[in-house]
Amino acid sequence: EAEVAQSPRYKITEKSQAVAFWCDPISGHATLYWYRQILGQGPELLVQFQDESVVDDSQLPKDRFSAERLKGVDSTLKIQPAELGDSAMYLCASSRDRNTEAFFGQGTRLTVV
Amino acid sequence: LAKTTQPISMDSYEGQEVNITCSHNNIATNDYITWYQQFPSQGPRFIIQGYKTKVTNEVASLFIPADRKSSTLSLPRVSLSDTAVYYCLVGPEHSGNTPLVFGKGTRLSVIA
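Same order as they appear, the protein sequences are chains A and B.
Counting from 1, position 19 in the first sequence corresponds to residue 19 in our numbering; the numbering is continuous, with no gaps.
Counting from 1, position 28 in the second sequence corresponds to residue 28 in our numbering; the numbering is continuous, with no gaps.
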């Protein structure tokens, strides 16, 4: 069964450092999401891509966060500089089209120290 | 999107039936009710969806009264592996290009 792949699974970084997460969606999935999940909360949308274009980044803290999906396939989410409050699980999800469901990856757990 | 309210946590013994109720008083005519399950250190996964009355699959049953202002997820004979957070969501039938809006979910702990 195809899965959304994310790496790394765990990342520890010092505050003010740069950190990046990678997501490889299920093959053929045009829509890709990045969510952030703080401990004890549900996931919250950061950014949505349709192919290589950003559809919604209204909740992305653009002063420190950036996301790209250059060829409309895999995607990278970057934080620079990282802050203590960025400690969370970062989840990637993808879907084929509007009439299908989105599938989540296992996430990257970030700890900022 | 309609807001949902569900219990923060529930405990159950193995082998029991667990019912988790979700309130969604402002559900729209076109909205579906969808439940997701999330295990620790994993992403959420779809478990069941319904529009009205009752839906059953190999994992759970979903009961929706006629007014659709609430719904109940029923897990038959839970086991330790059912320990997870369960999220109730209200929105379009498919999440293909509509972001999911999660609440805090219900943390189910199954005890031996």
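What the hints contain is simulated information worked out from the structure, not anything from laboratory work.
You may find that some hints are simply not true.
Stretches of chain B that chain A covers, calculated by requiring three or more beta carbons in the stretch to come under 8 Å of a beta carbon on chain A [claimed, not checked]:
1. 22-28
2. 32-43
3. 51-65
4. 70-82
As a list, the in silico DMTMM-like pairs of lysine to aspartate or glutamate whose alpha-carbon atoms are at most 20 Å apart [to be verified]:
5. A:71 x A:86
6. B:104 x B:58
7. B:104 x A:68
8. B:3 x A:44
9. B:54 x A:86
10. A:62 x A:44
11. B:3 x B:82
12. B:54 x B:17
Treat the numbers as computed from the prediction; the structure is a model and nothing was measured.
By construction, the Cβ of each residue, glycine as well, lies at the ideal position given by its N, Cα and C atoms.
Verification of the supplied hints:
{"no.": "1", "hint": "22-28", "result": "violated (count 0)"}
{"no.": "2", "hint": "32-43", "result": "holds (count 3)"}
{"no.": "3", "hint": "51-65", "result": "violated (count 0)"}
{"no.": "4", "hint": "70-82", "result": "violated (count 0)"}
{"no.": "5", "hint": "A:71 x A:86", "result": "violated (27 Å)"}
{"no.": "6", "hint": "B:104 x B:58", "result": "violated (25 Å)"}
{"no.": "7", "hint": "B:104 x A:68", "result": "violated (28 Å)"}
{"no.": "8", "hint": "B:3 x A:44", "result": "holds (14 Å)"}
{"no.": "9", "hint": "B:54 x A:86", "result": "violated (41 Å)"}
{"no.": "10", "hint": "A:62 x A:44", "result": "holds (16 Å)"}
{"no.": "11", "hint": "B:3 x B:82", "result": "violated (25 Å)"}
{"no.": "12", "hint": "B:54 x B:17", "result": "holds (16 Å)"}
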